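Turn these sequences into a full structure, and let the hints steer you where they fit.
Residues per chain, in single letters:
There are 4 protein chains.
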Amino acid sequence: MIKVGVIGATGYVGIEIVRLLQNHPQAEVTVAVSQSFVGQKISDVYPSLRNICDIECQDLNMDAIYDKADVFITALPHGISKEVIPYLLEKGKRVIDHSGDFRYKSVEVYEKWYKLKHEMPELLNEAVYGLPELYRDQIKNARLVANPGCYPTCSILGIAPLLANDIIDTKNIIIDAVSGVSGAGRKTDLPYQFCECDENFKAYGVATHRHTSEIEQELSFIAGEEILISFTPHLAPIKRGMLCTTYANLKKDISTSELLDLYKKHYDGEFFVRVLGEGKLPEVKYVAGSNFIDIGLVVDKRLNRVIVLSALDNLMKGAAGQAVQDLNIMYGIPEQTGLSAPGLYL
Amino acid sequence: MIKVGVIGATGYVGIEIVRLLQNHPQAEVTVAVSQSFVGQKISDVYPSLRNICDIECQDLNMDAIYDKADVFITALPHGISKEVIPYLLEKGKRVIDHSGDFRYKSVEVYEKWYKLKHEMPELLNEAVYGLPELYRDQIKNARLVANPGCYPTCSILGIAPLLANDIIDTKNIIIDAVSGVSGAGRKTDLPYQFCECDENFKAYGVATHRHTSEIEQELSFIAGEEILISFTPHLAPIKRGMLCTTYANLKKDISTSELLDLYKKHYDGEFFVRVLGEGKLPEVKYVAGSNFIDIGLVVDKRLNRVIVLSALDNLMKGAAGQAVQDLNIMYGIPEQTGLSAPGLYL
Amino acid sequence: MIKVGVIGATGYVGIEIVRLLQNHPQAEVTVAVSQSFVGQKISDVYPSLRNICDIECQDLNMDAIYDKADVFITALPHGISKEVIPYLLEKGKRVIDHSGDFRYKSVEVYEKWYKLKHEMPELLNEAVYGLPELYRDQIKNARLVANPGCYPTCSILGIAPLLANDIIDTKNIIIDAVSGVSGAGRKTDLPYQFCECDENFKAYGVATHRHTSEIEQELSFIAGEEILISFTPHLAPIKRGMLCTTYANLKKDISTSELLDLYKKHYDGEFFVRVLGEGKLPEVKYVAGSNFIDIGLVVDKRLNRVIVLSALDNLMKGAAGQAVQDLNIMYGIPEQTGLSAPGLYL
Amino acid sequence: MIKVGVIGATGYVGIEIVRLLQNHPQAEVTVAVSQSFVGQKISDVYPSLRNICDIECQDLNMDAIYDKADVFITALPHGISKEVIPYLLEKGKRVIDHSGDFRYKSVEVYEKWYKLKHEMPELLNEAVYGLPELYRDQIKNARLVANPGCYPTCSILGIAPLLANDIIDTKNIIIDAVSGVSGAGRKTDLPYQFCECDENFKAYGVATHRHTSEIEQELSFIAGEEILISFTPHLAPIKRGMLCTTYANLKKDISTSELLDLYKKHYDGEFFVRVLGEGKLPEVKYVAGSNFIDIGLVVDKRLNRVIVLSALDNLMKGAAGQAVQDLNIMYGIPEQTGLSAPGLYL
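Chains as they are written, first to last, in UniProt numbering: chain A, 1 to 346; chain W, 1 to 346; chain Y, 1 to 346; chain X, 1 to 346.
These aren't lab readings, by the way, just hints derived from the structure by calculation. Predicted model, so just to flag it, every value in this text is computed and none were measured. Incorrect hints may appear among the rest.
Remember, identical chains collapse to one label, so a pair may be satisfied in a single copy or spanning two.
Taking lysine-lysine and the DSS-like style, the derived pairs with C-alpha atoms no more than 30 Å apart in a straight line are [as the list claims (entries may be wrong)]:
id, residue 1, residue 2
1, K187, K252
2, K93, K140
3, K301, K264
4, K91, K3
5, K68, K41
Structural data, given as structure tokens:
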């Protein structure tokens, strides 16, 4: 049994990790840290877990918790992890982190987009970007996995086959993305109040969202050249789910079905990537509650442009589910373990 | 491995049964009947199941399907089951039915509230009302289980301890209930359209809803006297979930905490019934996606009246989840098997 | 042109008053107080009003604002109004207040339910309860109108004809009520976050909600005897709207249609009260965005009990709309002025 | 008083026209045609209008209705209007039509995208495209106004200043659009059921939506060259509202604030077009319930690309509101008449 510590266990990502591990046959949550709810049962904070997981929330006291788990999954706000992650690595623990801190290879890019000084640049080289479909081999032995952002996971997996096969113009890639409100975390800011979100739809962070740089880094690695993109996130009145609509100009003549074949070949053997048949398109409803990413596409012959649709659950494949997938890889367990629930549809 | 046939597999209850059985280690869906989608994969109808369950929908041809399963779960509209259930029983199959047809002991009551002639009255005596917390022993060996309605499950379990302990006036029981829209099934009627339900709230079937009679039957059995109730269902703009607010006048002086103790004792050992502590109240969010029913209550000392709140997921403990619970009991499997997912909260 | 000052103009009730007065031909907002947004345009806070109402938010400086308006509508949190209302009255201004402070005739009842010491008991006698259908004549000349709560307006108007005609048992009145989230105001508390409310349904304040006492006061006045009620509020995932389902035992034999006739007679000439025909029931959708209260009912002959359904928009007839109705009465203007918009339905 | 006939009065667009005209001081609905509800009051179909508009629905009998109004607003499904519109024009009536039938100058383009033979090509030349910001002068005297589609209105007004000022590359215009569910009309198709839309988000009609050709026609007229665009509509779980996110590559160096100035100048005097200040972006919430279109934009200096956000209410500026605006222009009434309601925000 893998002993897992969850740090930041009562945020929306943290609690999703706790929830998923309840049905994981080879891992268990042995310590849950939540500074806001120290001493309370996790099921007092999230009563859905009553009689399922009633462990008590711990304070973030590293000396007291480090030896209670083999691996820690951290879902903390930026800036706290400096006190946490180097300590855990030093104690021989493995870490899967959800912040943006270890996703970058370039300190400069991180500091420019996050407007923060990076406190642990020496870890950037070692950290593995936790997208199994790109870095499975490195994840296996990683001490520190940087779990990708939700938008980057959805965007990168949607575009990767186009770049890997060199069939699009790299200058006009446009990603128009929509997320559910849980992506903002369990905050009490006014814009996330029910009456402010309900029946609303809006863009935010236009031309400035941090995930732009994360997507660009990975697309550039795949393409072997510097890729710059337009990325526009939007907020929809749904709890979970994400859809990316990506536009790229084709460099050669290819049909929708040929391109889908190419995608299917590219993702052959990837359980969690479902490439849809021609005429079918992803919907948030099909993936919400599951760890799948669904991908569909249409070639617009009039314009010689491809429109790729990719959908995932921002809390699952976009965060906690992917963390569990990484955990399984790190411990040599079949990747689907604990992740076999299909979406709820309803 | 128990072989299960699902008849009416593409309705909202049917597909929930199919979904649940994907994670059931001792049961599998061997045949799925859906007359609207014959020949299509069930995952073409519900793409959330893609790569999880891709079996083909069959026509309702009894001769062709009966020997493909040990037990059949029927989720059919009223009136079709006459051709189905007696046939299956005769072939030695066991059946869990979701219609109202076999929930009644009295043909008269059924015919009065359903405004239909009962076609198989001879089965009423044999059929077991599939509420495990009341009829577990009979369910074990039943050939025909009549799965209770969602409102009755939520109402009866909320009130049962009061009647069993003879502490309320039986004349003024009022049940004010609220359901999510999936309770209406996968219909295309105008009142269930998004623009008609969204941002709306309304009562329906006031003083005439069929479930009234089903609740009254069971409460009368518990009380040992005829119980008549007010039952008012409402429709809320949520997909799944149900909350009943029940009012009853107390015959004796008892505090909230004493009454909660009595409830806890009454439901001792019932895994799926969670009696909350004083000061805590059920919310739909805590049970949606799970098979739990949560019960909380407040004694209003000013009025010597108790207000009981009970919440469940209408598709789970109110339908498909309870069917799986019944299935487990019928086959001597631990009752929680395949039902261990907590609610999603998000 | 009546000059109106709105104090607390950027809360959800305040901004609704501002919005309504934009289409009022005989009243205009001459001063808008919002301590959180001093110096900002009201249309910067609520961009829906851009180019419609761009006045600047003022600080709550009584000396600076009192002479800018003839009448003030106050929508403040409890406890601030002590500095505001006596001052305004002394300066000869008229006031319509939205707090609970002036709705009670008994200081004791107020202090018991609000758990506060009343600071201005001398004003209680003078203040008029601003429910036009009950107190129209007193409102005409009132200096201080206490605008009723949303739940009380919806409950009292639904029950009044039963008590006025002495046809129900006064001991078993039960009001089961549901409100949209805007009823909580523009707060940033966790329970009102989108991800916490969406797809949820719950009761709150069971047996303890303050509006219980306000409803009891007015029902007692109508009945001429002390009335105690059960009142249970619930929260539904809608922005605006409210539905009350009220149960009462009939003292005499009366049919649904006879009772509806009695209601129609009782509310004859009341433009904003729409008594529905037999077989029709109110829905939130029919009143949202309008100042109407819709009332329907069903007599349950089996139980000799009446179930009354009443629906209104909590921000309109439940707050801001009623304030404008009161304003019109106070200034001798036709009551519908500025309130003629029907509900939006969509 | 202008007498207005509404044909198709009980669809979502038709009823919005009826609703708006209730508050129009110089127009009144004198005849409402609805073949599904002949003989019923319009307020029986939409009870929100009870006591506001109780006229009876008429059958589509042209001989019986034509002389009851001066102008007819038609909101019919495709293919019926052939029997209606030429007849009305011949009788000397003016018509504002909501179908796609008269929006095109080219029969070929219409027939290609609508996959229908055009039955009244002789009217195409005469018909005026009812977008006041582009064709106000022609609308004044038009007999037949073709009210634009919702997506085209939102897209064209968002892009027009860029093309009119020749500052973008015309080859890479991408419009990513999101609509509320009411855009589909009052249909009972499965995809528009509550349980299918709620908590969902999806694209549809990718590379094939008819509105693409309508947008292209108008953009080509403005640019003076043939413009082809990518247009991708999406469905969000909201009742009303629409947001377009448009991407275009800039041909010259221009800042966000300079470009906004250019937009403000372009739309100077247009009451219903609100160009937002730098740093502000449109939200559906700000326009829902009003006839405004809000436009904001960001220049992405990294990519020399502009992202334009435009939002409107698909039932108002996208349909019924614009029809009333056209009506006002046709009759020489101030354009805002009957359209002064701000958005509801809540």
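Right, here's what the structure says about each hint:
1. Within a single copy, K187 and K252 get their C-alpha atoms no closer than 46 Å, and across copies no closer than 41 Å, so neither meets the 30 Å cut-off.
2. In this assembly of identical chains, K93 and K140 lie within 30 Å of each other by CA distance solely inside one copy; the values are 14 Å within and 49 Å between copies.
3. Taking identical chains as interchangeable, the C-alpha atoms of K301 and K264 lie at most 30 Å apart only when both belong to the same chain, with a minimum of 21 Å there against 36 Å between chains.
4. Proximity of K91 and K3 under a CA criterion of 30 Å is satisfied intra-copy only: 15 Å inside one chain copy versus 50 Å between copies.
5. In this homomeric assembly, K68 and K41 come within 30 Å of each other (Cα to Cα) only inside a single copy, at 17 Å, whereas the closest approach across copies is 46 Å.
When the structure is compared with the earlier hints, a violation turns up for hint 1 alone.
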